[in-house]
Amino acid sequence: MKRTIFLLSTIFIATVSFAQITGDLSKRGGKATIAVPDFRGAGDAQNLMNTFNGTLWTELQNSGQLKMIPKTTYPLTVPQQPGDFRPPVNGRSAGPWLSDWSGPPVNTNYLAFGYTATQNGQLVLYGWLYDVQQANVTSAQLLAKVYVGSPDETGAKKVAQQFAADILKLFGAGSLMGTRIYFVSDRTGHKEIWSMNYDGSDQKQFTNYRSITTFPVASSDGTKIAFTTYPMRAASPGHPATEGQPKIYLHSLETGRKLVYLNQDASMTAASDFMPDNQHLLIYSTASTGISQIFITDMDGGGFHRITNTRSLEVEAKANPKTGADIVFLSGRGGTPQIYRMNIDGTDVARLTTGEGDCANPSWNPDGQHIAFSWTRGFEPGNFNIFIMDVASQELIQLTHGAGRNENPNWAPDGVHLVFASKRGRTSQIFTMLADGTGLQQLTTQGNNEKPVWTKGTQ
Amino acid sequence: MSATDRLHASKIAAALLVLTVAVVAPGCSKKVPPPPPPPPPHAAETAPSVARATINSFTAEPSAIERGQSSTLSWSISNATDMSIDNGVGAVQSQGQRQVFPTSSTTYTLTANGPGGSDTRTVTVSVNTPPAPPPAANNGPRLSSAEMLQQQSQDAFFDYNKNDIRADASEALTRDAGLLKQIFAQDPNFTVVVEGHCDERGSAEYNLALGDRRASAAKDFLVQLGVAGDRIKTISYGKERPQCTEANEECWQKNRRAHLSAGQ
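One line per chain: the protein sequences are A and B, in this order.
Reading the first sequence from the start, the letters are residues 271 to 729 in our numbering.
Reading the second sequence from the start, the letters are residues 17 to 280 in our numbering.
Just chain A, with the same shape it has in the complex:
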């Protein structure tokens, strides 16, 4: 619940036009403020402090949870450990004190401080978070923790991320530590599934089918991935190797191995979403009807059951992650592809978008109340932008505004970040941003990269 409030406050700070959620608007300007002076390192550790300080600042800033106080306002003397604080004597400063930070010109609510050193061949971080508006050091302390990493850039980055994650946890923000983004890349010459950390590091190839492998979806427990592949059929005399009809493949994310999934006989079948129970899969397929419809199956492909019953194209069904009782999906029943919702049994169908333009790629926020999707409204066909919608009220926020072609928004497990694909030059690349459209970061550069899915990660 706390997370929901934070999400809404993030969104509505960016967009003031939704008068009816006045309760949340009281949060406007109420974002907690934090000061993060540069940490210093003892001895060799100082060489890693540029990396450390940069990472810590970026992680906190990009969380969208905190307002960063500019470093230019900070006092000259910065505490490095609790013992550095000296209460004023007879109203006169005796050294660094809480009011140096809570009062002007800094005016912060919180202060992160500490230092690093190398000990026994490891980089050790001593980190604290203080609520500087408290009267004394004891009541000010919110976090005091030691972090250990390798004595190199990687270690510096890691301890900074861990410290930031612990701070953010205090503000109700889910940490992105350990989360992993799966995506499609053609950098080998074939579209394959790849994965990377949420900051774009450690990019690894996951599949090697040497065909067209695309449309990944992941289970919410982070253990399985389903995607769509055109299985290659070997060459025979007089016939080159060709792709077969597209089918669903299921893999374990823990072992990487292919799992049993029985596809129906159909000209096309694509993975659409895992149900929140992680025991069922939503798919779209031409099986039994000859036109793409939405079905639900067990994890091995059994229990094949049809949900939609139309003569129009039905694709991209996504189950409400909170309830599993309703789904949003893309349907061409009105002529152009638009976003609809319905109950999981196919009843109570309602169109959510206005009918303008082409829609695509609905994705539920973990809160089960908001979706992100792409839409060409106001632009030529093909020029998609990212939108967020409150499903109950159908209120909209547009996050991109014509910078390239923006598709496949997908929420981070924290419900505050989005990953998406954008073609802003000659190639499509993967970006992350906050749910208010700020904090844009490009994660990929090599080849074309698309269809990102942000997973919890396996560890």
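Check each hint, because a few of them may be wrong.
[To be verified] Quick partial rundown of chain A residues pointing at chain B, CB under 8 Å, derived from the structure:
#1 I482
#2 F485
#3 P607
[Claimed, not checked] In silico DSSO-like pairs for lysine-lysine, Cα to Cα no more than 27 Å straight-line:
#4 A:K517 <-> A:K474
#5 A:K726 <-> A:K474
#6 A:K693 <-> B:K249
#7 B:K178 <-> B:K270
#8 A:K517 <-> B:K249
#9 A:K592 <-> A:K439
#10 B:K197 <-> A:K517
#11 A:K439 <-> A:K337
#12 A:K439 <-> A:K428
#13 A:K301 <-> A:K337
#14 A:K517 <-> A:K301
#15 B:K178 <-> A:K337
What the hints contain is simulated information worked out from the structure, not anything from laboratory work.
All C-beta atoms, glycine included, are put in the ideal place defined by N, C-alpha and C.
Fit chain B to the supplied structure of chain A, relying on the hints for placement.
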């Protein structure tokens, strides 16, 4: 003509000759007394001043041509006053050449008439008619069914976000149906794949389903024209295999298509 008829005809000819001699005879200064020396048949013709028309040469070069080519007739005639070649050439001079364009083998007859008699000569220009083109499959090195399909099939094109068969697509598929029937007849194991493709503007997910509709609409059309449906498979590539990558309508139209390829 029977033998009796031929005999009868020769009698008539003999009678005419006698009559001719009788008519011509009064103009002659020769005596026609009863007994010996038999008169020369035509004393006037032997006279040196009234020579008989003579064709010295009449040739066609070349004498054998391909249809559409020409041959040159050349001739040389003496002592003629009236000369002509039949088969549309008409009156000619005593020396000359004429190009002719016969469409089939033709025998030209040169007739030269003169006061001293006439002469004819014929020359034949033979025209080689090229053999009728064989069925395409036997033309030159034999094409495989897959090559035939690749070279002769036509794509069916679609409107944006549509899978209706337009008039131009209907024409293309009608020709494709004829081609497929021919290939299927000559190659009993051959199967075909109808690929459905889309332009880059729609989402990849929706285009997968739309490409499938295009492929199956094209297949249904072929089956209605009598092509064996069990030998046609469909596959949707959505927008994964564009044949044109520019961002303009001309290119997008090229990509919104159903395309035939050899199955396996």
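Evaluated hints:
1. Nearest Cβ of chain B to the Cβ of I482 of chain A: about 5 Å, under the 8 Å cut. The hint holds.
2. For the restraint placing F485 of chain A at the interface with chain B, the shortest Cβ-Cβ distance is roughly 7 Å, inside the 8 Å limit, so the hint holds.
3. Because the closest C-beta pair between P607 of chain A and chain B is about 5 Å apart, less than 8 Å, the hint holds.
4. Proposed proximity of K517 of chain A and K474 of chain A is supported: the alpha carbons are some 23 Å apart, at most 27 Å.
5. Distance check on the hinted pair: K726 of chain A and K474 of chain A sit about 17 Å apart at the alpha-carbon level, within 27 Å; holds.
6. At roughly 34 Å between alpha-carbon atoms, K693 of chain A and K249 of chain B are farther apart than 27 Å, so this suggested pair is violated.
7. The hinted pair formed by K178 of chain B and K270 of chain B meets the criterion: a straight-line CA distance of about 14 Å does not exceed 27 Å.
8. Under the criterion of a C-alpha separation no larger than 27 Å, the hint pairing K517 of chain A with K249 of chain B is consistent with the structure, at around 15 Å.
9. Restraint check for K592 of chain A and K439 of chain A: satisfied, since their Cα atoms lie roughly 21 Å apart, inside the 27 Å limit.
10. About 30 Å separates the Cα atoms of K197 of chain B and K517 of chain A, which puts this hinted pair outside 27 Å; it is violated.
11. A distance of roughly 15 Å separates the Cα atoms of K439 of chain A and K337 of chain A; the hinted pair therefore holds under the 27 Å criterion.
12. For a cut-off of 27 Å, the pair hint linking K439 of chain A to K428 of chain A stands: about 16 Å separates their Cα positions.
13. Between K301 of chain A and K337 of chain A the alpha-carbon distance is near 6 Å, which keeps this suggested pair within the 27 Å criterion.
14. Of the pairs offered as hints, the one joining K517 of chain A and K301 of chain A is violated, with about 47 Å between alpha carbons and a cut-off of 27 Å exceeded.
15. Annotation: proposed proximity of K178 of chain B to K337 of chain A is violated, straight-line Cα distance about 49 Å (limit 27 Å).
Violated hints for the displayed structure, listed by number in ascending order: 6, 10, 14, 15.
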